[in-house]
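Engineer: Sequence:
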Amino acid sequence: SRLRAAQLEKTMRWWSDCTANWREKWALLRDERNQLKDELRHARKTLQLANQTIKQLQCEHHLQSTGCSSPSQTFPPFEFERGSVAPIHSRLHAGQYRAQSSPLEVESGVKS
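Straight run, no breaks: the sequence shown in my numbering ends on number 195.
Think of the hints as simulated: they come from the structure by calculation, not from any bench.
All C-beta atoms in this analysis are idealised placements derived from N, C-alpha and C, irrespective of residue type, glycine included.
It is possible that some hints are incorrect.
[To be verified] If you anchor each label on the Cβ, the simulated ranges turn out as follows:
#1 W109 <-> L146: 26 to 36 Å
#2 L86 <-> E122: 53 to 63 Å
#3 S84 <-> N117: 44 to 54 Å
#4 Q135 <-> C101: 45 to 55 Å
#5 Q135 <-> T102: 42 to 52 Å
#6 N104 <-> H144: 30 to 40 Å
#7 I137 <-> W97: 55 to 65 Å
#8 H145 <-> W105: 56 to 66 Å
[As the list claims (entries may be wrong)] Computed cross-link-like contacts, DSBU-like style, restricted to lysine-lysine with a CA-CA straight-line distance of at most 30 Å:
#9 K93 <-> K108
#10 K138 <-> K120
#11 K120 <-> K108
#12 K128 <-> K138
Just need the whole structure built from these sequences, with the hints factored in.
Structural biologist: Given below as structure tokens:
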């Protein structure tokens, strides 16, 4: 009878440890999943802001090249979070990504 009770207690302890390990494992995975969802949400928001900036800059560039004084589409101002899109925005604003001439024009020496 004591041997059977000891065996039952050992089995109960094993199941308790097993369920505790299972809960810990799935809690860690759930936390990681939630963190990744938050990062994805933040990345989508950053992408949306970058796309708005690109559209606004394209609109401004188009208005400057056509000589119009009033934009037909305006975007609300927004602020960048530290370390998010600001470096890209500043590089775009500085004109580093606007091509002055195509590679073919540079090679042939012809400008249109």
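Engineer: Now tell me if each hint is right for this structure.
Structural biologist: Hint check:
1. Between W109 and L146, the C-beta spacing of about 55 Å breaks the proposed range 26 to 36 Å.
2. A beta carbon spacing of about 54 Å between L86 and E122 agrees with the range 53 to 63 Å that was offered as a hint.
3. Our hint of 44 to 54 Å for S84 and N117 holds, since their Cβ atoms are close to 49 Å apart.
4. The hinted window of 45 to 55 Å between Q135 and C101 holds, with their beta carbons roughly 51 Å apart.
5. For the pair Q135 and T102, the beta carbons lie near 49 Å from each other, so the given range of 42 to 52 Å is met.
6. At about 59 Å, the beta-carbon gap between N104 and H144 misses the expected band of 30 to 40 Å.
7. Checked against the hint of 55 to 65 Å, the C-beta distance between I137 and W97 comes to roughly 59 Å, which is consistent with it.
8. The given range of 56 to 66 Å is respected by H145 and W105, whose C-beta atoms sit roughly 59 Å from each other.
9. Straight-line distance between C-alpha atoms of K93 and K108 comes to about 22 Å, which keeps the hinted pair within the 30 Å bound.
10. Note on K138 and K120: the hinted pairing holds, with a Cα-Cα distance of about 27 Å set against a maximum of 30 Å.
11. Restraint check: the Cα-Cα separation between K120 and K108 comes to about 18 Å, which is no more than 30 Å; the hinted pair holds.
12. Under the criterion of a C-alpha separation no larger than 30 Å, the hint pairing K128 with K138 is consistent with the structure, at around 15 Å.
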